[in-house]
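Enquirer: Single-letter residue listing:
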Amino acid sequence: MLNDFREFQFTFARHLRDPHTAPLPRGVSAEQAAAYERAMFKNLCDVLNPAFPMTRGLLGEWAWRATVRYFLRDAPAQTPWPRIVLREFARYLRESPVTRDLPAWLNDVSHFEWLKGAVATSALVLPEAGVEVDVTADLMTHIVVMNPTYVEVSYDWPVDIIDLDHRPDEMQTTYVSVLRDVSGAVQVVPSNVFRAQLLALFNDGITGSQAFQAMAAWLQHPNPEDLLSYGPDLLAQYQREGVILGGKIAA
Amino acid sequence: MNNHRITGAGLALKPTPIAANTFDTTWQADLALPAPDQLQFVEIAAEQWLGLGGIWGQRLQEATERWPSVCLSGSLSLGGPGRLDMQVVKQLGAFMHKHQMTMLSEALGWSDDDTPLFTCLPIPATQDALQWTADRITQVQDALGLPVGIRNVSHHAVPPMSAMNEAEFIHELVNKTGCNVHLDITALAENSHRFGFDALAFLKALPMKRVNYVRLGGSDAASTDAPLNQVAWRLLPAVLSHVHPAVPVCVDDLAQLKRWSDCALKTPTKALVC
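Same order as they appear, the protein sequences are chains Y and S. Numbered per my numbering, the first sequence spans residues 1 to 251. Numbered per my numbering, the second sequence spans residues 1 to 274.
Quick caveat, the hints were computed from the structure, so don't treat them as lab data. Careful, some of the hints might be misleading.
In silico SDA-like links for lysine to any residue, alpha-carbon gap of 20 Å or less [to be verified]:
| # | chain 1 | residue 1 | chain 2 | residue 2 |
| --- | --- | --- | --- | --- |
| 1 | S | K176 | S | A134 |
| 2 | Y | K42 | S | G217 |
| 3 | S | K14 | Y | N43 |
| 4 | S | K98 | Y | A129 |
| 5 | S | K98 | Y | A123 |
| 6 | S | K258 | S | V231 |
| 7 | S | K176 | S | M164 |
| 8 | Y | K42 | S | V214 |
| 9 | S | K98 | Y | V153 |
| 10 | Y | K42 | S | A157 |
| 11 | S | K98 | S | E62 |
Note that the structure is a prediction, hence the values are computed from the model and not measured.
With these hints in hand, go ahead and build the complete structure from the sequences.
Expert: Next comes the structure, spelled out in structure tokens:
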């Protein structure tokens, strides 16, 4: 059996999360409870509002506030640290029954917003500890070192052109590379299936030449040498974008 | 910044909201903390900084390498009704270890019902709650290997069932756990104003010898409520006259820092007798 004080606390917490349904416990006035509800809402919005400006704008203030309140009610955040709260809120926006009737493209917009913030604040360091990178190395003959913050993602909707004045009418599969560059800024680069496949190959620690040969085999290219000839320019472009950091210096 | 005693005057490190375009806005201008001679430490709120890498992590790292730092938290939910989340305790411990923080200031309240409530509520001050909270403080101290400083916070309600006032509650917790007391003067001023009790009497009922951290500012109400702010500043000499001169004082901005230095110089020690 719970002690009286804990029973009170659980009842109070349920009320604060869902003031219209869960009763106020004895001993607390409606005004006092309302002050705590406001504090919860404000503290949570201080974290969420700056991180989801587009989602919030597209939802409109009323729906945004309602969603934040449902999030407080359903309490999916397990720990109070900001990255966890943002991740759980983004997940809630996509998966909760209360957001089921929102336009489908909003899921992509909120995920894209969350992803950019998650990449910006990721604890990964560039380059990863213990990896020596030569930024001037020939990427065709050296093992390519990827930016550890780089994420390749595809959306059903054109997230890169949606804003308050442009709500999409049609689905349009959209590939983007998201990464944090060496100065700490988040970069979003348009991508495509070929590029995504090629860049994924470098997770295995191979050279540019090996990657293009693998792509040629995958594409059943009649003349692999033609494809390889594009290699140096493409790899240089990826390095300028910050997706590739450089060539690995042999230990 | 290891092996540094926290003393003198400190500043709370201002948070920067998480937004992907932060870099484009005021970040660069904000990056360098001003370094007035008076600044001896920085205060880091775990709820704003824990787990952040990128330019956030870099800024935090620069600050904690330059100054000793104090960890401010309101997330352990010391008087919470559910389980004590040892994962949160562990994450906080790792965060403190990474930044070589040796002082933890934890809100005396409860802030979850197994998941976060994003605010800190007052603990019903019953005998059972006292023992419950003391046991949890002991668990935290054992896990982290350092004494916790329990910090009074601003309240909107006096919880029902309370058998003692907050000062007595704090006194008992100190007796039972050996924890320290962190005094938030602005929160005390707010509570005394809101609930009509005498702040000086509250101070007299506290184990002032166990106060090893003092905060001023840190309240939304105080920044907009000038009379309340003045109450807090009037309380400061009374507090400083009762605590050891080496006890650190944390303020919110540089103007306050300057004012604190002037105030500290003018305060005769032991002007009031507890």
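Enquirer: Now tell me if each hint is right for this structure.
Expert: Do the hints match the structure? See the list:
Between K176/S and A134/S, the direct Cα distance comes to roughly 6 Å. Compliance with the 20 Å bound is thereby established for this hinted pair. For the hint linking K42/Y to G217/S, the alpha-carbon distance of about 19 Å falls within 20 Å, and the restraint holds. A distance of roughly 15 Å separates the Cα atoms of K14/S and N43/Y; the hinted pair therefore holds under the 20 Å criterion. A C-alpha spacing of about 16 Å is found between K98/S and A129/Y, which places the hinted pair at or below 20 Å, so the restraint holds.
Straight-line distance between C-alpha atoms of K98/S and A123/Y comes to about 13 Å, which keeps the hinted pair within the 20 Å bound. Proximity of K258/S to V231/S is assessed by CA-CA distance (about 18 Å); at most 20 Å being required, the pair is judged to hold. Annotation: proposed proximity of K176/S to M164/S holds, straight-line Cα distance about 16 Å (limit 20 Å). Taking the CA atoms of K42/Y and V214/S, the gap is near 26 Å; set against the 20 Å cutoff, the hint is violated.
For a cut-off of 20 Å, the pair hint linking K98/S to V153/Y is broken: about 32 Å separates their Cα positions. Our distance criterion of 20 Å between C-alpha atoms is met by K42/Y and A157/S, whose separation comes to about 18 Å. Between K98/S and E62/S, the direct Cα distance comes to roughly 12 Å. Compliance with the 20 Å bound is thereby established for this hinted pair.
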